[in-house]
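I would like the entire structure built from these sequences, with the hints used as guidance.
Here is what each chain is made of, one letter per residue.
Protein chains: 2
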Amino acid sequence: MVTAVTNTEPRRRNRRGEGGKLRDEIIAAALALLDEGGDERAVTLRSVARKAGIAAPSIYAHFADQPSIMLAVVQQEMDTLTAALREANDNADPDARTRLFAVGNAYLDFAQVHPQRYRIMFGGLWTPSVDDTSITDADLDSLGVAAFTLLVEVLGACIEEGIAHGSDDLYGDAVALWLGLHGLAHQRAVVRKMPGPADVGDRLIRALAHLK
Amino acid sequence: MVTAVTNTEPRRRNRRGEGGKLRDEIIAAALALLDEGGDERAVTLRSVARKAGIAAPSIYAHFADQPSIMLAVVQQEMDTLTAALREANDNADPDARTRLFAVGNAYLDFAQVHPQRYRIMFGGLWTPSVDDTSITDADLDSLGVAAFTLLVEVLGACIEEGIAHGSDDLYGDAVALWLGLHGLAHQRAVVRKMPGPADVGDRLIRALAHLK
DNA sequence: GACATAAGCTAACGCCCGTAAGTCTAGAAG
DNA sequence: CTTCTAGACTTACGGGCGTTAGCTTATGTC
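As given, the protein sequences belong to chains A and B, one line each in that order.
Each residue of the first sequence is one higher than the last, beginning at 1 in the UniProt record's numbering.
Each residue of the second sequence is one higher than the last, beginning at 1 in the UniProt record's numbering.
The hints are simulated quantities; they were obtained by calculation from the structure and are not laboratory data.
Quick caveat, the model's predicted, so the values are computed rather than measured.
Note that the list lumps identical chains together, so a pair holds whenever it fits in one copy or between two copies.
With a Cα cut of at most 20 Å, we get these calculated DMTMM-like pairs of lysine to aspartate or glutamate:
#	residue 1	residue 2
1	193	137
2	212	168
3	193	141
4	193	139
5	21	65
6	193	132
7	193	35
8	193	39
9	212	160
10	21	79
11	212	95
12	21	77
13	212	93
This is how it looks when you write it as structure tokens:
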């Protein structure tokens, strides 16, 4: 993770061959703007440039257009999320039930700690217009695959260990489980205060994983 | 529902005492812009005015600012959604299980048929900034209460009829059920094509209502 | 030390936005 | 027929946006 740039002195130009560093700084600046709590509309090409301490057109050396910046942020944060889920999985007791709750709660925590990030990752707003040529469908389809795969594995382990009675369709079960998690995560990322019981996350996991 | 205005002749001024009609036409124009498929950013004060065939400043006679238009649209569509759920409930066979699936699927259908509307209703994007004085927290809190109440009733009927084993917390169970529905509905409203099995909606309902 | 070039800048264009201030006019009231 | 006013309109300001075109200046190489 690149440390956020907070508009200090005029900014030292990068050395030759290190121009690519600015790319990471631009992403970090966009992320910082997001985390500052305004909504995603505050992340404009110009505001990102200001935050990074560069002139707006300098961005074009690294990104084709404004949606491309958002895509890069989303891709990076998907990796961050995946890493968080993996860490939760690895640090938990090795039994499948514990791992399932650990991964599920890590997912929910991410949305609660970084609501703005979660919204651009899954809220669909920044999605480029259909005639955008700089972002392909493949870019969009590949988002979040790694994180979802981990969920499939853990849910599969629950069924293998006999603590959940799955159907014949593990993938479908995992989709349903993720949708439930997403519903809560998204709501937490959107609403000022989420009503409902505190343990609603665990309830969702129990019900959708069909734990015995 | 007011029929959409498509910028015909210069527009006849409303009669005296009927100035309020324009308010409905403004809401209809905003809804039409939304349904045209662009994202919610396309619904600006000026674009709404163009769509309604009026001058931009004329809106200020009826709405304090741009977020207030969105709030009115959301409030109206929440009523539309509630009506759709009620209709599904009333037209279904009177047994609780059938009604539960009818209401749940009506909810999911709304999101699929009107993805843009669903996104502004639950996507949280249009939410005014904290220092906005024209929209109160009470306005936001009261949104969707009627629709949710119906869900609580139907789920309660399932438990009463003994086809679902609820916990001691009906309200919490209903929240969990709604969150699952919302997860799927939102994803359908956001993504170009939703992966996963076709019956994932029914699976969510079965699992989260704890149907026997 | 000259010079080639990567890295980033300045200036500017055209567009759309929200909103304020003041003006016109059709139709109801007398 | 006049008068009044609700229900609009015109004009304008200031600002932010994405993006293009062309220029500057450090940095590494010879």
